[in-house]
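Engineer: Model the full assembly from the supplied sequences, consistent with the hints where possible.
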Amino acid sequence: MAIPQSHLLILSLVLLTIGVVGVLVRRNVIIILMSIELILNAANLNFVAYSGHWQNLTGQIWGVFNITIAAAEVAVGLAIVIALFRNRETVNVDEMNLMKW
Amino acid sequence: MDWGLAIFYFFAALAVVGGVMMITRKNAVHAAVYLVLTFVSVAAIYIILGAEFLFAVQVLVYAGGIMVLFLFVIMLVNLEEPRRFSGGRLRLMTSAVVTLLLFGMLARLFARSDGGHAPIVAAPAAEGNLQLVGALLFTDYLLPFEVVSVLLLVAMIGAIVLGRPRA
Numbered sequence: 109m110a111i112p113q114s115h116l117l118i119l120s121l122v123l124l125t126i127g128v129v130g131v132l133v134r135r136n137v138i139i140i141l142m143s144i145e146l147i148l149n150a151a152n153l154n155f156v157a158y159s160g161h162w163q164n165l166t167g168q169i170w171g172v173f174n175i176t177i178a179a180a181e182v183a184v185g186l187a188i189v190i191a192l193f194r195n196r197e198t199v200n201v202d203e204m205n206l207m208k209w
Numbered sequence: 263m264d265w266g267l268a269i270f271y272f273f274a275a276l277a278v279v280g281g282v283m284m285i286t287r288k289n290a291v292h293a294a295v296y297l298v299l300t301f302v303s304v305a306a307i308y309i310i311l312g313a314e315f316l317f318a319v320q321v322l323v324y325a326g327g328i329m330v331l332f333l334f335v336i337m338l339v340n341l342e343e344p345r346r347f348s349g350g351r352l353r354l355m356t357s358a359v360v361t362l363l364l365f366g367m368l369a370r371l372f373a374r375s376d377g378g379h380a381p382i383v384a385a386p387a388a389e390g391n392l393q394l395v396g397a398l399l400f401t402d403y404l405l406p407f408e409v410v411s412v413l414l415l416v417a418m419i420g421a422i423v424l425g426r427p428r429a
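Line by line, the protein sequences are chains A and B.
With the first sequence counted from 1, adding 108 to any position gets you our numbering.
With the second sequence counted from 1, adding 262 to any position gets you our numbering.
Nothing false has been slipped in among the hints.
DEER-style ranges, computed between Cβ atoms:
1. B:Leu363 x A:Asn164: 30 to 36 angstroms
2. B:Leu338 x A:Asn164: 38 to 44 angstroms
3. B:Gly420 x A:Glu203: 20 to 26 angstroms
4. A:Thr198 x B:Gly390: 45 to 51 angstroms
5. A:Met204 x B:Leu267: 42 to 48 angstroms
6. B:Ala373 x A:Leu206: 40 to 46 angstroms
7. B:Leu352 x A:Pro112: 38 to 44 angstroms
8. A:Asn195 x B:Gly327: 23 to 29 angstroms
9. A:Asn205 x B:Asp264: 50 to 56 angstroms
Read the hints as simulated data drawn from the structure, not as lab findings.
Given the structure is predicted, the values throughout are model-derived calculations rather than measurements.
For each residue, glycine too, the CB sits at the ideal point set by N, CA and C.
Structural biologist: Encoded structure:
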């Protein structure tokens with residue numbers, strides 16, 4: 109039982125591309141954050157794929173770190189969304205054009 | 263047809279469908295639910311690849327913690343997205359070209375890689391995946407582990423400071 113390595117890489121590539129399209133096309137900042145999560149997940153899948161390929165657990169360790177960083181990023185990102193919403197009443201990234209007011 | 267391979271393709275298709283539905287839904291709650299589908303499918307692929315610890319972390323942290331956080335914020339700020347795309351034709355074209363270029367370059371790179379097979383990682387009889395990962399985390403990767411814990415603390419404090427109402 110073996111999965112072709114290239115199929116795993118292509119799956120992670122497709123997930124990455126979907127995430128990039130989401131970041132570029134959507135204007136809702138929450139959906140953009142979700143797309144970034146999808147990109148991080150695609151990277152993680154790549155780590156695990158190569159971990160299996162080389163029979164080495166280092167890839168899985170970095171997968172754990174990747175998930176931790178994703179959690180930290182989401183916590184800060186959503187806090188920024190709430191702070192912005194409190195001030196500007198919007199989740200549309202086109203209207204988020206000031207660093208300070 | 264190999265059953266392991268068939269299960270892999272099933273979950274791979276499910277992950278891609280979840281991702282596509284996520285970026286095309288107008289309702290943010292629907293998008294979040296489709297993202298959960300993708301996360302769970304990817305977690306199933308981790309199981310097929312023998313990464314049981316990452317499977318557990320993925321389900322607990324992503325499908326559990328992160329998605330609850332997302333849904334919570336969606337409930338707090340729920341607003342309709344005014345237009346699907348506001349950048350005009352030029353920006354849409356640029357986005358499409360950049361994305362296609364990225365996809366093409368990486369696909370070419372991956373297609374040219376040695377094309378071996380990822381064997382289903384068979385855990386040694388004495389130790390499971392969790393034991394091996396845990397041992398590595400607390401020996402070779404102790405310093406990154408501690409640094410990441412500090413990062414989490416910083417993120418937590420940052421989120422509290424940012425989310426606090428302004429006095």
